[in-house]
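Kindly produce the complete structure, drawing on both the sequences and the hints.
Chains as they are written, first to last, in this note's numbering: chain P, 1 to 757; chain A, 1 to 292; chain U, 1 to 160.
Simulated from the structure, these hints should not be mistaken for laboratory data.
Please note that a few of the clues may not be correct.
Dumping the calculated EDC-like pairs for lysine to aspartate or glutamate here, alpha-carbon to alpha-carbon at most 20 Å [stated by the list, open to error]:
| no. | chain 1 | residue 1 | chain 2 | residue 2 |
| --- | --- | --- | --- | --- |
| 1 | P | Lys592 | P | Asp582 |
| 2 | A | Lys261 | P | Glu677 |
| 3 | A | Lys261 | P | Asp397 |
| 4 | A | Lys55 | A | Glu17 |
| 5 | P | Lys318 | P | Glu429 |
| 6 | P | Lys162 | P | Asp95 |
| 7 | A | Lys261 | P | Glu125 |
| 8 | A | Lys261 | P | Asp683 |
| 9 | P | Lys318 | P | Asp397 |
| 10 | P | Lys162 | P | Asp184 |
| 11 | P | Lys281 | P | Asp57 |
| 12 | A | Lys252 | A | Asp240 |
| 13 | A | Lys252 | P | Glu677 |
| 14 | U | Lys118 | A | Asp52 |
| 15 | U | Lys3 | A | Asp52 |
| 16 | P | Lys310 | P | Asp248 |
| 17 | P | Lys105 | P | Asp75 |
| 18 | P | Lys318 | P | Asp404 |
| 19 | U | Lys118 | A | Asp84 |
| 20 | A | Lys252 | P | Glu624 |
| 21 | A | Lys261 | P | Asp143 |
| 22 | A | Lys261 | P | Glu293 |
| 23 | A | Lys55 | U | Glu31 |
| 24 | U | Lys3 | P | Glu125 |
| 25 | U | Lys3 | P | Glu126 |
| 26 | A | Lys54 | U | Asp70 |
Not the full set, but computed from the structure, chain U residues with beta-carbon under 8 Å of chain P [to be verified]:
| no. | residue |
| --- | --- |
| 27 | Glu31 |
| 28 | Ala49 |
| 29 | Pro106 |
| 30 | Arg137 |
Every value quoted in this text rests on a predicted model; they were computed, and no experiment measured them.
C-beta: ideal position from N, C-alpha, C; glycine also.
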Amino acid sequence: MTDDKVYRWIGSSPVRPDGIDKVTGHAAFGADRLLPGMLHGLILRSPHAHARILSIDTSAADRIPGVLAIVTGTDFPDVTAAMEETGESQIDVRDLARNVMARDKALYHGHAVAAVAATTTTIAEEALRAIKVEYEPLPAVLDIESAMAEDAPLLHEELRTKGLAEMPARGSNVAAVVTYTRGDPEAGFAASDVVIEREFSTPTVHQGYIEPHAVVAECRPDDQATVWCCTQGPFVVRTLTSKVLGWDVSSIKVIPSEIGGGFGGKTTIYLEPVAILLARKSGRPVKMVMSREEVFRATGPTSASRVRIKLGASRAGKILAAEAELKYEAGAFKGSPITPGCMCVLVAYDIDNFRITGYDVLVNKPKVAAYRAPGAPMAAFAMESMVDEMAHRLGLDPIRFRLDNAVREGSKAAYGPKFPPIGLVSCLEQAALHPHYQAPLGPNQGRGVAVGFWFNVGMQSTATLNVQEDGTATVVTASPDIGGSRASMALMAAETLGIAYERINAVVGDTEMAGYCDVTGGSRTTFATGMAVIQAARDVVDQMRRRAAKIWGIDPDQVTWRDGQAIPPAEHATEQSLPPLDFAALAKSAAKTGGSFVGRASLTAQGAGAGFGVHLCDVQVDPETGKVDVVRYTAIQDTGKAIHRAYVEGQMQGGAAQGIGWALNEAYVYDAHGIMENPAFLDYRMPVALDLPLIDTVIVEVPNPAHPYGVRGVGETPIVPPLAAVANAVFDAVGVRYCDLPLNPPRVLSGLLPAAG
Amino acid sequence: MHAFQYVAPTSLAAARELLKDAISVPTRVLAGGTDLLVQMRAGLHSPARLLDIKKIPETNVLCIEAGQARIGAAVCAARIGEHDALRRLCPGVAEAIALIGSVQVQGRATVVGNLCNASPAADSVPALMAAGASIRVIGPDRERWLPVAGFAVAPGRTLLAPDELIVELRLPVPDAHTAEAYQRFTPRAEMDIAVVGVGARLTLDRDGCCRAAEVAIGAVAPTALPAPEVVAAILGARIDEAALTRAAAAAKSVGNPISDKRGTADFRRHIAGVLTRRVLRTAAERARQRSL
Amino acid sequence: MTKQHVLTTINGEQTEFLCEPQQSLLGALREDLGLTGTKEGCGTGDCGACSVIVNGRLTCACLVLAVEADGQQIETIEGVAEPQALHPIQQQFLEHAALQCGICTPGLIMATKALLEKNPDPSEHEIRYWLSGNLCRCTGYDKIVRAVLAAAAQLRGAEA
Ligand code: FES
Ligand code: FES
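Put into structure tokens, the structure is as follows:
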């Protein structure tokens, strides 16, 4: 099922409105703002993974000429616990405040304990060295097993596990337990001909955006602050910063800069409240830019995980029962993506009997932040590896086996609701037919298949459309453009208004000039903000129809809008006295006919469409070194209607590349004290151009009925399948089932050598 | 980064003058700076003076003369890659140097800097050792030649005195029966640090038997090591599968590798064997080609 | 420490500035000269976001001291376009949607410029090898490689 509506603009791939600025170096990113008198702020970070902070003495640092402000935890108010929505996840603002600046305890290596602002970076560095912090080091818990042990040292003594039948009396590092069940799993396993069970693990990995976090803050004497920063959501920055500082939202204005990647990691805050306090104390603008090392040590990685799956199936190839146990590291504060992980783990299959249990586990590592389809890739790695193994055990083609068990319209999702039209079956069928799936493999090569899923989300968006007197229009939203969303907004506005794409500019506004928008994240921007843009454009169309009716002296209902023109009813048109009035003409005469046109829309979007994808991966394994090369890759995805085709493909390719990195080489390497040993791009090993092949894409467009043009959301699903697609391909190549990521050469070789003798 | 004094002398004499107080004014030599500046920013060194040698003519020499390849201490890796004769005659050294960093880094990094950084994983070092390279070292009022083998004494430490600098590196150009090769292993295709690197130079006689050989292995010990045991396994023999298997087995016992973020000790030993086999095969093939 | 005087040529224009000896060329370009088109992703030579061309060689500006720029010819992203027209590389990056967030783009354009000046007809493999010092986390490199191939073809065509 695909969409066969004919559009003028939607589905094309024009150059983006901000394109020239981005290729000439003029686009201003987080660190690109320079203000007169600007100070440089730096953060002092904990050298311990877990320690009580006994005292902080800043007096020597204060005396250094050029040091104009110092803040520590005591400069922040004590915030009461309350959950706040950040777009892809919720965060407890008390935790957030303590993550921004440690109070009584440092909870991970790199945790902020103090900050300074000085006239130069060199002086600020000197000041950091002059701050004396007395620590009492505490034993650190660095992995799920030791965190869950009976006698584990506790990160937060007061924390009690949520989700148990009764409130436990004792503290724990398990913040929550979540469960989902259906049917009778035991009976399902008993009825199964084949039952398999394995445990999988994935390491801590980082979003790896190339632009480090950066902020410039100014604070007037009346405590009105302006913050310029690279964020996925200026309004979320405003809300969270105001909570951490205990200020009103209206006393903070957030201007989103261009953003150099986020992938979920820039849906929260780190520097913003600190910079405001430094600016307030010094009376000068303060700029803070993280180093790459700080980005690795102190900002949102995603959870390391352990996932155990038991799967039962009939000989005929029907999955009869499943059991999944997921444990995700949350880092130093509660809130791993365990809930979406549990909701996603079995989501692609129609299974009558299952039990899913998830644990949110605290460890002395940085607090995790959202990362593209938060929680889903680790779950899919385990499940799709098991599905692959089951197909293999049953002697069935892996796509055929998936098709026989796939969810489709009307199936009940593992997390509850019935699916509206979805594209999993179409994607699997496309995969089976793709030339890639038929192509012969060379020696030491193997092919893997895996499925991925993401909910996609709606949430709040607002759009304004200002019509200019020259017949152009400007779309204003507060959804930062991370991957070409200005172009998508302009395309949808052009389509709705019926005017040329080139006549539309799309801009990203700040929290004072634009209406509320939630973050660019959750694959919601083209869906939800797009919906607001379409409604704002329809608002303009309505206004123009009414204006034309007024000019013509007829009833507005008699005026239709087609191809960018107000058209009078047939009886008037034939008289030749009333030629159609087009967009430009109406815009030009606006001043004389009743004022300019401004379209507005504000909504909480409902009906985000679930997005399924299927990836095909060919690898070549060097049997002597264990090195895995991805030699061919195809991403197939139901994106709903693709608004800007090239950027949709780009999302699919970029997500696949990140997933391949996660599968092959990326991982935080910790020493025994909880210090990350590879906080640099050199040793963190994200894929470089030479590591990847061209990535073929197939866009399947099952329209989302809840969106005027059928948009689902694209960005997250593509990072979900690659982990298992790569592992399944390695299995196909060498016959070894690897359950622990990354599949770096030492790991792969260790699986090959015993087999070799 | 700490503040320091920056000087860029334009002659060897002026550089020597500056070296005179290099003990009282802790000095570091700056050439490409691709390791030094990163390490200074990380607080690993805080010299009071940086002595930039790039403006000294002698450090910019790059030529082949009298059977020797001469590479000035300020010559960046990219220039070496563009030197056709050097690439043709010393392919092992050239391919090792070409592996140092990205294209951007190649435009700055120098071979001598790679030596002085004294990383056990430095790509150029095993190849230079196998090639029998040596360096010209000058102090305020003295001068000496040192072999590359043994120049690094520990990670980050060399035989260079605090008031010395290296002017150039020389290596004998192989004769018509001699050829060389270098390979390293990294998890990523580029932009990575060698888990193990193996350099070899070998000479075949008319019958294809190995008449002379030098092999050196990087990243299996605190410094790159010569591998006489590998040489012993092939000397006098034809470079066939049996000889390669002996050599690979011998390579596994070279050094005392550690487990770290870049690989486990066992993995390093295994890879040393694999690479030794591959490098010797390539070098022997090149030697055969050359004697044709 | 007193500042040092540097006289250099940036995008064809004689430029003078004062800098502390420890300042990087990247810092001087961005903070003192306002040329913020050159980006910083790591400060350790591992991402290529700061790529500039110094005396014809592609270089990480974060690995060069500002004082070393004295007497050198420096090209940055701000000098790539003509006053009224984008460079073909810039045009092809736009038309091939070779950027998503765009933070890596200035560095990639400089790297591509250096590549095509040296090798006007690179293969896909040569492009991937040359661009391996430039990390892009958004695109998976596919569209970047295609944009470079197209730019190379266009530039060759322009010369023919
Ligand atoms: S900032 Fe220079 S290479 Fe990353
Ligand atoms: S486009 Fe974002 S890093 Fe390349």
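These are the hints, each one checked on the structure:
As the CA atoms of P:Lys592 and P:Asp582 are separated by approximately 16 Å, the hinted pair is consistent with the 20 Å bound. Only pairs whose Cα atoms come within 20 Å are accepted, and A:Lys261 paired with P:Glu677 is accepted, the gap being roughly 7 Å. This hinted pair does not check out: A:Lys261 and P:Asp397 have alpha carbons roughly 38 Å apart, beyond 20 Å. Annotation: proposed proximity of A:Lys55 to A:Glu17 holds, straight-line Cα distance about 15 Å (limit 20 Å).
For a cut-off of 20 Å, the pair hint linking P:Lys318 to P:Glu429 stands: about 18 Å separates their Cα positions. A C-alpha spacing of about 16 Å is found between P:Lys162 and P:Asp95, which places the hinted pair at or below 20 Å, so the restraint holds. The straight-line distance between the Cα atoms of A:Lys261 and P:Glu125 is roughly 28 Å, outside the 20 Å bound, and the hint therefore fails. Only pairs whose Cα atoms come within 20 Å are accepted, and A:Lys261 paired with P:Asp683 is accepted, the gap being roughly 8 Å.
The straight-line distance between the Cα atoms of P:Lys318 and P:Asp397 is roughly 13 Å, inside the 20 Å bound, and the hint therefore holds. Distance hint between P:Lys162 and P:Asp184 is unfulfilled; the C-alpha atoms sit about 25 Å from each other, more than 20 Å. Of the pairs offered as hints, the one joining P:Lys281 and P:Asp57 holds, with about 18 Å between alpha carbons and a cut-off of 20 Å not exceeded. At most 20 Å may separate the alpha-carbon atoms for a hinted pair to count; A:Lys252 and A:Asp240 meet this at roughly 19 Å.
For the suggested pair A:Lys252 and P:Glu677, the alpha carbons sit about 27 Å apart, so the restraint of at most 20 Å is broken. In summary, the hint linking U:Lys118 to A:Asp52 is not supported, as the alpha carbons are separated by about 28 Å, beyond the 20 Å threshold. At roughly 17 Å between alpha-carbon atoms, U:Lys3 and A:Asp52 fall within 20 Å of each other, so this suggested pair holds. Between P:Lys310 and P:Asp248, the direct Cα distance comes to roughly 50 Å. Violation of the 20 Å bound is thereby established for this hinted pair.
With a C-alpha separation of about 16 Å, the suggested pairing of P:Lys105 with P:Asp75 holds against the 20 Å cut-off. For the hint pairing P:Lys318 with P:Asp404, the CA-to-CA distance comes to about 7 Å; that is within 20 Å, so the pair holds. For the proposed pair U:Lys118 and A:Asp84, the alpha carbon gap of about 15 Å is at most 20 Å, so the pair holds. Taken as a hint, the A:Lys252 and P:Glu624 pair is honoured in the structure, with Cα atoms around 14 Å apart against an allowance of 20 Å.
Note on A:Lys261 and P:Asp143: the hinted pairing holds, with a Cα-Cα distance of about 17 Å set against a maximum of 20 Å. Between A:Lys261 and P:Glu293 the CA atoms are separated by roughly 16 Å; this keeps the pair inside 20 Å, and the hint holds. Simply put, A:Lys55 and U:Glu31 have alpha-carbon atoms about 27 Å apart, too far for the 20 Å limit, and the pair is violated. The hinted pair formed by U:Lys3 and P:Glu125 meets the criterion: a straight-line CA distance of about 18 Å does not exceed 20 Å.
Among the hinted pairs, U:Lys3 with P:Glu126 is consistent with the structure: their alpha-carbon atoms are about 18 Å apart, no more than 20 Å. For the hint linking A:Lys54 to U:Asp70, the alpha-carbon distance of about 12 Å falls within 20 Å, and the restraint holds. Because the smallest distance between the Cβ of U:Glu31 and any Cβ of chain P comes to about 7 Å, under 8 Å, the interface hint for this residue holds. Here the hint on U:Ala49 is kept, as its CB sits about 6 Å from the closest CB of chain P, short of 8 Å.
The restraint placing U:Pro106 at the interface with chain P holds, with a minimum CB-CB distance near 5 Å, inside the 8 Å limit. Satisfaction of the interface hint for U:Arg137 is found here, the shortest Cβ-Cβ separation to chain P being roughly 5 Å, below the 8 Å cut-off.
When held up to the earlier numbered hints, the structure conflicts with 3, 7, 10, 13, 14, 16, 23 and fits the remainder.
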